[in-house]
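Using the sequences plus the hints, can you model the full thing?
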Amino acid sequence: MAEAEPMDVSMAPFRTAYALAFNAYAGHEDETGLLAAYELGRDAVERELSLLDLALVHHQVVLSAVGGVSTGEDAQRITRAAGTFLLEALSASEMVRRALAETRQTIALERRQAAMLRQLSTLLADTSLAVSAHSSVEEVLQLVAEQARELTAAAWCVARANSTGDGQPQASASSGTAPAHAGRLALDAIAAAEQVRPTDVVVREDPTASLHLVAAPFTALDGRPLGVLVVARARDRPFDGLERALLVHIAQMTAAGLERALGYAG
Amino acid sequence: MAAEVVVAIESDADLVPARAEARALALDLGFSRTDATLIATAVSEVARNIVVHAGRGKLVMRAVQEDMRYGLVSVATDEGPGIRDVDSALAEGNSARGGLGLGLPGARRLMDEFEVVCGPVRGTTVTMTKWRVRDELERLRERRERGG
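Residue numbers (our numbering), protein chains in the order written: chain A, 1 to 266; chain B, 1 to 148.
All clues stand as given, with none of them false.
Looking from chain B toward chain A, a few residues come up when the C-beta cut is under 8 angstroms (computed): (1) 15; (2) 16; (3) 19; (4) 20; (5) 33; (6) 34; (7) 37; (8) 38; (9) 41; (10) 44; (11) 101; (12) 102; (13) 105; (14) 106; (15) 109; (16) 110.
To be clear, the hints were calculated from the coordinates, so they are not data collected in a lab.
Every residue, glycine too, gets a C-beta built ideally from N, C-alpha and C.
Encoded structure:
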């Protein structure tokens with residue numbers, strides 16, 4: 001029988017239980033034995049044993065079992081059983097691994113949300129400053145278009161106001177490079193966006209031009225449409241739920257700023 | 001392949017037939033050994049949950065076939081006290097095992113679809129599904145076998 005490698009003595013009870021369970025399984029190869037393997041793996045997780053220690057225990061137990069048989073056929077049987085037994089023993093660790101992956105995704109999302117909130121605060125401050133300084137509607141729209149494009153990682157952003165308040169019918173500002181065919185799609189989205197609620201967005205896609213576009217309305221407190229904010233980028237990277245919600249926030253903040261700016265202009 | 005497999009869960013001993021049936025059904029459906037192990041593990045956790053929290057219940061497992069995929073569906077039901085806050089129970093850190101990712105949250109992560117519904121007064125139903133994509137060769141072979 002192979003000599004046991006030096007090992008933490010605290011692992012001895014686990015090793016003994018593992019050996020008993022494996023030898024029983026190797027004799028019958030039934031589900032009762034596999035359940036025992038699973039329970040051992042579960043116990044290892046609950047006791048926060050290292051996977052390395054579990055692997056070493058498994059290796060030592062199998063080595064000992066193989067050393068105790070005399071035919072090649074028996075050695076093969078034990079080796080085959082060892083693979084199945086190990087799969088079961090590790091399956092509880094697989095649940096923990098997936099939990100860790102999920103936690104990492106959650107943390108990444110929360111970091112992204114926090115970064116967006118900080119940028120939104122900056123945009124709010126800048127917009128308020130622009131309005132307080134009696135900047136023109138065009139200047140406010142330009143600021144919004146640049147910030148919205150950056151915040152949503154859009155390729156192109158257009159901010160359009162229905163009125164500048166001084167008799168001019170419309171004003172607009174853009175940031176980024178308009179993708180091909182974006183203009184036509186944007187006009188369609190703008191028309192649709194003026195009909196939706198302030199908390200909704202309009203989504204348009206152009207498969208041939210590989211374009212994805214989202215529009216959110218600027219709506220006054222009394223429900224008057226004040227304009228629309230549009231962002232666009234490649235269709236293989238559609239704006240996700242978080243980005244759409246962000247666009248709605250920006251549009252609502254801009255609407256408040258626009259009302260004040262129009263009040264100054266008027 | 002059996003249309004449906006029913007396993008009564010009344011004690012820890014019933015985890016063995018539950019796992020065995022889940023594994024056999026998974027292998028019949030062509031799941032890999034690894035996936036069959038994960039399915040048996042998820043069924044273990046759900047059956048254990050019945051034993052611990054409700055005392056008794058049952059597990060019904062069946063195969064489903066769609067054009068592009070096969071699935072193994074497991075429905076576990078009991079008449080226990082139910083779960084007050086399902087979302088919390090399924091979230092990380094709320095497992096009865098100290099938030100290690102075992103229990104129902106662990107089972108959820110091993111399967112592709114997972115739903116928990118509690119009755120208005122008592123009872124819990126946990127429905128989970130794992131899918132396996134049918135490749136083109138497999139579908140061709142099946143069509144030939146059907147003579148189509």
